[in-house]
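Using the sequences and the hints given, assemble the complete structure.
Number of protein chains: 2
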Amino acid sequence: MNHIVITIGREYGSGGRLIAQRLSEELGITFYDKQLISEVAKQTGFSENFVRDAEHQRPTNSFLYDLYCAVQAPSVPDQVFIAQARVIKEAAARESCVIVGRCADYILRDREDVLNVFIHAPIPYRAERIVRLYGESDAAPEKRLEEKDKRRRAYYKHYTNREWGKSQNYHLSLDSSLVGVERCAQLILDVARTPGEPN
Amino acid sequence: MNHIVITIGREYGSGGRLIAQRLSEELGITFYDKQLISEVAKQTGFSENFVRDAEHQRPTNSFLYDLYCAVQAPSVPDQVFIAQARVIKEAAARESCVIVGRCADYILRDREDVLNVFIHAPIPYRAERIVRLYGESDAAPEKRLEEKDKRRRAYYKHYTNREWGKSQNYHLSLDSSLVGVERCAQLILDVARTPGEPN
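First to last, the sequence lines map onto chains A and B. Using numbering that gives the first Met the number 0, read the first sequence as starting at 0 and increasing by one per residue. Using numbering that gives the first Met the number 0, read the second sequence as starting at 0 and increasing by one per residue.
Just so you know, these hints were derived from the structure itself, not from any lab. One should not assume that every hint holds.
To be verified - Some chain B residues flagged as far from chain A (calculated, every beta-carbon gap over 12 Å):
hint: 1; residue: ALA90
hint: 2; residue: VAL130
hint: 3; residue: SER136
hint: 4; residue: ALA139
hint: 5; residue: LYS165
What the hints assert, rightly or not - Pairwise CB distance ranges, derived in the manner of DEER restraints:
hint: 6; chain 1: B; residue 1: HIS157; chain 2: A; residue 2: VAL130; range: 36 to 46 Å
hint: 7; chain 1: A; residue 1: PRO73; chain 2: B; residue 2: ALA92; range: 52 to 62 Å
hint: 8; chain 1: A; residue 1: ASN160; chain 2: B; residue 2: GLU135; range: 27 to 37 Å
hint: 9; chain 1: B; residue 1: ARG192; chain 2: A; residue 2: ILE122; range: 22 to 32 Å
hint: 10; chain 1: B; residue 1: LEU132; chain 2: A; residue 2: ASP112; range: 25 to 35 Å
hint: 11; chain 1: B; residue 1: ALA92; chain 2: A; residue 2: ARG85; range: 46 to 56 Å
hint: 12; chain 1: B; residue 1: LYS147; chain 2: A; residue 2: GLU146; range: 34 to 44 Å
Note that this is a predicted model, so its numbers are computed, not measured. Glycine is no exception: its CB is placed at the ideal position from the N, C-alpha and C atoms.
Structure follows, in structure tokens:
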């Protein structure tokens, strides 16, 4: 197989991360996720925890914070994004790999060798999964999912000016609750290995 | 195979209609498109041409037209939509079938036996296709596609209050330029015949 980069956007609890891991195992290529964050951390001197938390930081209403933002450009979360984007671009240029999240589809939009995938599923399916498989509390998981969706949508919109989960931004968008996590992986592998005949 | 209804939403020129035809042939089930319109026409007494054109009708800015709208509810396009929705619901209840367009995914959202698919492709790919395969003029096909996309988006939004092509509204969204028209059909057939194992 030629050089290939697969990006996986996913709704929390949909199994997208598991699918990405399966792809990297099957194809024998690097899986970028926490590892990516770690690499960013090394390059920029940020601590890992700092990078992991950066996208959740919100400006306060403090005047001093506003003043800080006005004179310090780009903001800290933007610096993190820029550093991550650099790592993603370098990885994609260097090696075949699977990259989960981090707007990688957008960051790599000018490359020809990228397969962009989005994995989603209805909230009840994901709620059951995060309680059963991730060991999360069974108190109102639906509400936490809505909050997560909202945050990912806002993050994606902020850095790409695109709509998160808009099918036209991906080659494949799959509902893992119907297709099944394992079959999602098989289906993506099939397309990655042998692109279709246009007609 | 059990009773199944497949709805295909598609961007103009993406091959979605061809994919739907292949599915109906392979599965030996009815293909609803012009035939659907014809059935609506019979049930409602509208002429076929009238129904076909109804979604393209636009209100004028005339005061008399506004007055007409205010006192005559629902509007003629809305009546057409209502009649089509009834035909779609009856067809889905009666038989396995493939339905192209007409917001069928939304109309059938309460059924459990529906596989919703969206087929899309980048504009350059579709532009080449509509000139080569549909015999359309090669003068600025990209512009016509943008206009078509805009109209379909507005139509879908008007009747469903949803975003056209939002991946979460479909089980499968496929880029036919990468996957290939024939393989899109095979992939949908595979999922239709054997739903995946949730995990």
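How the hints compare with the structure:
1. Residue placement check: ALA90/B keeps its beta carbon more than 12 Å from all beta carbons of chain A (closest about 21 Å).
2. With a least beta-carbon separation of about 14 Å from chain A, VAL130/B lies farther than 12 Å from that chain, consistent with its non-interface assignment.
3. No Cβ of chain A comes within 12 Å of the Cβ of SER136/B; the nearest lies about 21 Å off, and the non-interface call holds.
4. Residue-level check passed: ALA139/B sits 21 Å from the nearest beta carbon of chain A, beyond 12 Å.
5. Under the 12 Å C-beta cut-off, the non-interface status given to LYS165/B relative to chain A is violated; the minimum distance is some 6 Å.
6. One distance hint, 36 to 46 Å for the beta-carbon pair HIS157/B and VAL130/A, holds here, with the actual separation near 38 Å.
7. Restraint check, PRO73/A to ALA92/B: a C-beta distance of roughly 56 Å satisfies the suggested window 52 to 62 Å.
8. Separation of ASN160/A from GLU135/B is about 32 Å and conforms to the stated range, judged on CB atoms against 27 to 37 Å.
9. Take ARG192/B and ILE122/A: their Cβ atoms lie about 27 Å apart, and the range 22 to 32 Å holds.
10. A hinted range of 25 to 35 Å for the beta carbons of LEU132/B and ASP112/A is consistent with their spacing of about 27 Å.
11. Roughly 55 Å separates the CB atoms of ALA92/B and ARG85/A, a value that falls within the hinted 46 to 56 Å.
12. Here the CB-CB span from LYS147/B to GLU146/A is close to 37 Å, well matched to the stated 34 to 44 Å.
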